[in-house]
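Taking the hints into account, I'd like the entire structure generated from these sequences.
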Amino acid sequence: MQRPDRQPADNCSPLPGRVLRDVVFYTLLYTFLWQTVGIHLIFHGAGRITNFPSFYTTWRFFTEHLSAPGGPAEYVSAFLSQLFYYSWLGALVITVQAWLLGLCAACVLSVAGFKRGQLMRYVPALLLAVLYGRYTYFLPITMALLVALLCVCAYLATAQRRAKGSSLAVFALLSLVCYYGAAGAFLLFALVCIIYELLLSKRWRLGSAYTIFALAVPFVVGGLGFGLSDVYSQSLPFHWTLRYYHSRGRWIEIVYALHLLAPAVIVAGGIWSMLKSSAHEQHATAQNPKTPFRKRSGQLRHILSWYRQSPRLNWAVQTVLVLGIGAALAFGNLDRKRRNCLIVDYYAYHKMWPEVLAAGRRQVTDRFVMHAVDRALYHTGRLGDEMFHWPQRPELLFLTDVPRKQAHWPTFDLYLEMGLLNAAEHALMECLEGLGDRPTVLQPLALVNMVKGNLGSARVCLGALSQTLFHRDWAERYLRLLDIDPNLATDQRVQHLRSLALEHEFPSVMPPAPGMFLGLLEKNPRNQIAFEYMMASHLLNKRLATFAKYMPWFERAGYTALPTHFEEAALAYVYGTRKPLHMGNYQPREALRRQTESALGILTRHGGDKRAALPELAPKYRHTYLFYYLYAPPSQEQ
Amino acid sequence: MSISSNRKTIARWIGGICAVVVIGMCAVLYGTSRPVRPTEPCPLLERRPTIRPDYTDAVLPPNIAPLNFVVEEDASDCFVRLHAAQGEPIEVTGKGRKIVIPQGPWHRLIAANRGSTLSIDVFIRTPEGAKGQTNQWQRFQTIVNTIATEPTDDYLVYRRIHPGHATWRKIGVYQRDLRSFREKTILDNEQFREGCVNCHTFCNHRTDKMLLGIRSTHYGSSAILVDGRDARQIPTKFGYTAWHPNGRLAAFSVNKVRQIFHAGTNEIRDVFDFDSLMAYYRTDTQAVETSPALSNKDRLETYPAWSPDGKYLYFCSAPLTWDNKETLPQEYDQIRYDLVRVSYDAKTDTWGDIETLVAAQETGQSALLPRISPDGRWLLLSMCDYGCFPVYRASSDLYLIDLEAAQETGRYECRRLDINSDASESWHSFSSNGRWIAFSSKRLSHAFTRTFLAYLDEQGRVHKPILLPQKDPLYYDSCLWTFSVPELVTEPVRVSSRALARAVRDKDARAIRMPVTMATPQADSGSPYTEPLRE
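Sequence order for the protein chains is S and H. Per this note's numbering, the first sequence runs over residues 693 to 1330. Per this note's numbering, the second sequence runs over residues 543 to 1077.
Careful, some of the hints might be misleading.
[To be verified] Covered by chain S, according to a simulated footprint, are these stretches of chain H (three or more residues, beta-carbon under 8 Å):
#1 731-745
#2 772-779
#3 802-814
#4 988-998
#5 1035-1043
[Claimed, not checked] Cβ-Cβ distance ranges computed for the label pairs, FRET-style:
#6 H/Arg650 / S/Leu758: 25 to 33 Å
#7 S/Arg752 / H/Pro669: 25 to 33 Å
#8 S/Val912 / H/Lys889: 32 to 40 Å
#9 H/Ser661 / S/Thr750: 53 to 61 Å
#10 S/Ser939 / H/Ser658: 53 to 61 Å
#11 S/Thr1072 / H/Thr869: 48 to 56 Å
Treat the hints as calculated values from the structure; they're not laboratory data. Predicted model only: the values in this text are computed from it and were never measured. In this text, a Cβ means the ideal position worked out from N, Cα and C, and glycines have one as well.
Next comes the structure, spelled out in C-alpha cells:
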C-alpha cells in the first residue's frame, strides 16, 4: 500500500515565514471584513437578509438545539452570529473561521501530497471574503462545514498511522460526532474519507464499508434515533429554502465551491499519485532520470532552480501572489450597491439622518434608499426645501410600488413616527414572521405595544429581548418600568407617540389608507411629519388643488417660514389656475416668483412644448417643483 | 525529555483540569439545588400568594401535566407543599421563584384525589432587610384547586404560528401530550416548501380520520385526508371542516376570505368572507357535493358542526347584502351571522330545510364557531359584535346553549360564560367526554393567542380555566407564538409527518369536481386583498 508523503507541509517556506504570511493575510482579511464590508450590516440585514438566526441565552434554547443532530453547530453559529452586532467582533469570528478552514485545507492538501500547493489553503478564506463582500449569510452552513473538515483532519491524522480496525473505529466515532454536531455536513466528512481510502490508501474494503456506513448513519441516527423527517437538517447548501428564497440563495455557488474543495483535493491527490506511480514504472523501464512528463528547457530549469534555492524570494513572491489575488478577489467582488443600501437602512434604523443623506447620494436609483432619504430630509428639516434635489416618485414615500413583503421593514418606523401605530404593528408582525424574532424587530414591536397600552404583548416582546445578548438592558429597563409605572407616564417617547396616535378608524385593504393623514392631523395639528408627508404626497401626485386647500394648515402646524418646494407648488398652482392663493402670514419670496415666471417663460417661448423646452429648463430648474410637475411621469397612485 | 513523556505530562494536566472542572460543577450544582426548607411553624400571612399562571380556584383535569408556576412575591427563597386527602404530599423548593413540580409524584397525587381538592401551601423567605422585614419564612393562605373526576383527552392538537400572515415562514400543526410536556410535530411547512397548514379536523376525537388544510404556492391548495394509517391528497381547498360522526363524509366551507386593516382600533386586522358556501366530501365516492340549503347564493355560509347523532348540520349564515364581491362593503360592521341548522339523512343523502336557531337580528351579535358536546346537550359558540373571525374581535366571548332545554322550550338561549375576558375568546372544542373545553384566548396578550382548558360540569357551569401548562412556568413570558385551533383528541396522530408531507407533495392526486362555482379568485389574480391565515 502506498502512503502519501508526510513531509513538512510547506517546504518552500520555513515555519516562521509561513506564520508571518498567515498573520499578514488574516490580518488583512480581518481589516477588510471589519472596515470595508462592515459585518454589522449583515447583522442589521435591512430586511434583505432573511435567514439571520436569533439567539437566546436561556437553558431552553440551548437544550432545544442539543436535542437534534446539527443543533450544536447551529447553536454555535447562532451565538457567533450575534457577535456580528459589532463589526470588529463579527470580523474576528469570520477571520477565525477562515483560519480554521485554512488549517483544515492545509491538512487535506498535505495528505493529498500537494506539498507545493500549500498556497491553496488560503482559498477558503478568499471564498469567505467574497461571500461576505456580497453580503450573504451562510454562517450555519460554513460552521457545519468546519465541523466536518475538522473531523476529516482528525480522521486523516489517525488513518495515516493506524491499522484498518482502528481506522474503522475512528471513522465510526467521528461519524457520530460529526453527524450529531453538523448533521448533513457529515456527508462531506464521509465523502472525503471514502475518497481518501479508495484513491490514496487503496483500502477498497474500508472505503466500501465507509460508504455503507455513511448512507446508514443519517437514517439510523437521525431518522430512527431522533425521529427526524429531514435527516440532513439545513446544514448542507442544498436545502430547499436556499433555492426557494432568492435572498438566501444568493452566491450559493461559492458555498458549493467551499464544500467541493476538500473532496476535489483528495481526488486530485489520488489521480496525481496514480500518475506518478505509473510514471515511475515507465521511468524504471526507460531509465529516464528526468520528470515523468516532459523535459524542461535548460533556461527555465535554471530560473526555477534559482527561484527554489532563494527561500526569501520564494516567500516574497508567494506572499505577494496570495495577497494580490486576495485583494483582487475581495475588492473585485465587493457588492458596493448592496453595501450602500444596507448602510442607508442601518443609518435610518438608528436615526442617523445626516449619514443617511451622505450615503444616499451614492445610490439614488434604489427606491428603498430614496424612501430613507425622504425620511432623512424630513428629520433634518429639509424635505420641503430639498426633496426635488433628489429623484422623486409618489410611491417612494410609503413604498407603495414594491411587494408588500419587502415594504414592511423599511416603512414600520415611518408609520410609528407618524402615529400610525396599527400600520407599524402590522408591518412589524410581518417582519417577525418574515425575518424572524430578531432584536431589531422585537424592540420596536415592544415599543408599539407599550404605546398602544397592550402591556401583555409588550411584556412578551420584552421578555424575549431580555434573553438576547445585546438588547437585554433595554428590555429589562422597560420591564422594571412597567412594574412601577404601567401607564408609562414617565416615558417621554411613549407619551409623545401616544400624543400622535391615530384614533379615528380607517378600515383599509392596505395601510396607509386615504384620509389617515387628516385623521392624524385632527388628533394633533402639530404632527409635523404627518402634515409634511401629506403635503409632499399631494405635490408628488400633482394634486395642486388639494395642496392649495391645505395651505393654511402650515401656520397651524407651526411653520415659521414656508418651505421652498411648497412655495414653488403654491406658485405653480397660482400660475396654472390663475386663482389667488392665500398664503397667510408667510411673505412670498420674490426670487421664487421670478424663478417660476422665468421657467414658465421658457416654456411659453417653446409654444408649451415641454420636450422642446427641456434642454433649456433642465440645467437651471431641475431641482424645482415646477420641473417635477412638468416632467415627472404620471404616478401609479394617480 | 522524550516526546512520549511530554504527551504523558500533557495528558495528566488535561486529566487534572477536567477533574477540577467536574468537581467544581458538581459543587455548584449541589449548592444551587440544595433544598431550602422553611422552619415551621412560621407566621401565616392573611392572603393568598400571587402565582403565575393563575392556578387558583380552578378545576384541574386528573391527567394534566404538572402545573408549574412562578411565585410573584418578593422572596429570596420559595418553598411549596402540594397536598391532598390521599397520597404523599409533594414538596418543591423553588428555583429562584420558579416552582417546577416533579411529574411522577404529581401524577400520583392528582390521580389519587379525583373529585377532591388539591391544596398548595406557598412559603417564602423575604430578602434580608426587604421592607424592614426579618429574614424568616412566612406562609401564605392555602391555594385550593379542585381535581375533576373526569379526565380531559390525553392529546391536544393545535397550530403554532407567529402572528404575521404574509410570509408563511414557519407554520405547523403540533400535538401536545397533555399528561406531560412533550410536543410532536404533526406537519410543518418546512416539509413542503413553504405554505400554510391549518384546519385540522378529527372525527369523533379520534385520529384515524383527520383532515388537514394546505395552502402552498408550490404545491397548490389541498386537503390531506388521513384514513387509518394512510394519508392522501384531495386537491381542492377545504375551509372550515367538520366530520360527520359516521366518518364517511365531511362538511366544509369554501370561503373567499379577505383581510382588512384597522387604523384606530386596538386590533389591527379583520377578516371577512366576501363569498362563501358549504359543501361536503364523501369518502366513499371521493366526490364533493352540496345542496341548495348549504349554498344559498344570497347568503354567506361557514363554520359547520355536526350534531353527535349526525342528524343535523349546524353552521353560521349571514345575508350577502352587497353586490360587488370584490370590495369591502361600507357597512362591514353590520355583517352578522345567524346560527342555523339543517337536518340530514345520511342513509338517503338528503337535506332538510334551514332552521334559524339564533338570529343575529335579535341578539345584535354575530354567532360563530358552533361546537356541540359529544353528549349532544351543549352547544358552545363565539359571539362578537360583527364579522366572521372571532379571534380578531376583542368582543368575542364564549356562549353556551342548552340544546336539551331548547328542545323543550323551542328557544335557543345563549348564555354568556363567566370565563370570558375583555379580550377575544374563540377556537373552542370539547373533549370526548364533554367535560372539558379547550379554547384560545388573547387575555394575556392581545397579539399572542394562548390555549386554556376549562371544566364544564353537568349543570352547564364552566369553571375557571387554566392556562395550558408548560415545563418552564415562564415559557409564555417570552413566547412569540400564537396557539390556535386547539382540538382535543383521545390518541396521538399515528401518521408520520413524512407521510403527510408526501401527500402534500403528491402531484398525481386525482382532481375532484366541485359541484358549484363561486367567485373565488385565482391565486395570481392580482387582487389587492391579502388572504389571512387562520390565526
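How the hints compare with the structure:
1. Requiring three or more residues with a Cβ within less than 8 Å of a Cβ of chain S, the coverage given for the region 731-745 of chain H holds, as 4 such residues are present.
2. With a cut-off of 8 Å between beta carbons, the region 772-779 of chain H has 0 residues touching chain S; three or more are needed, and the interface restraint is violated.
3. Against chain S, the region 802-814 of chain H contributes 10 residues with a C-beta closer than 8 Å to a partner C-beta. That satisfies the three-residue criterion, and the hint holds.
4. With 3 residues carrying a beta carbon less than 8 Å from a beta carbon of chain S, the region 988-998 of chain H meets the three-residue requirement, and the given coverage holds.
5. With a cut-off of 8 Å between beta carbons, the region 1035-1043 of chain H has 4 residues touching chain S; three or more are needed, and the interface restraint holds.
6. Between arginine 650 of chain H and leucine 758 of chain S the beta carbons are some 30 Å apart, a value that agrees with the proposed interval 25 to 33 Å.
7. One distance hint, 25 to 33 Å for the beta-carbon pair arginine 752 of chain S and proline 669 of chain H, holds here, with the actual separation near 26 Å.
8. The hint said 32 to 40 Å for the Cβ distance between valine 912 of chain S and lysine 889 of chain H, and at roughly 51 Å that hint is violated.
9. Between serine 661 of chain H and threonine 750 of chain S the beta carbons are some 32 Å apart, a value that contradicts the proposed interval 53 to 61 Å.
10. At roughly 58 Å, the beta carbons of serine 939 of chain S and serine 658 of chain H sit within the given window of 53 to 61 Å.
11. Range check, threonine 1072 of chain S to threonine 869 of chain H: Cβ separation about 41 Å, and the 48 to 56 Å hint is violated.
Consistency with the previously given hints fails for numbers 2, 8, 9 and 11, ordered from lowest to highest.
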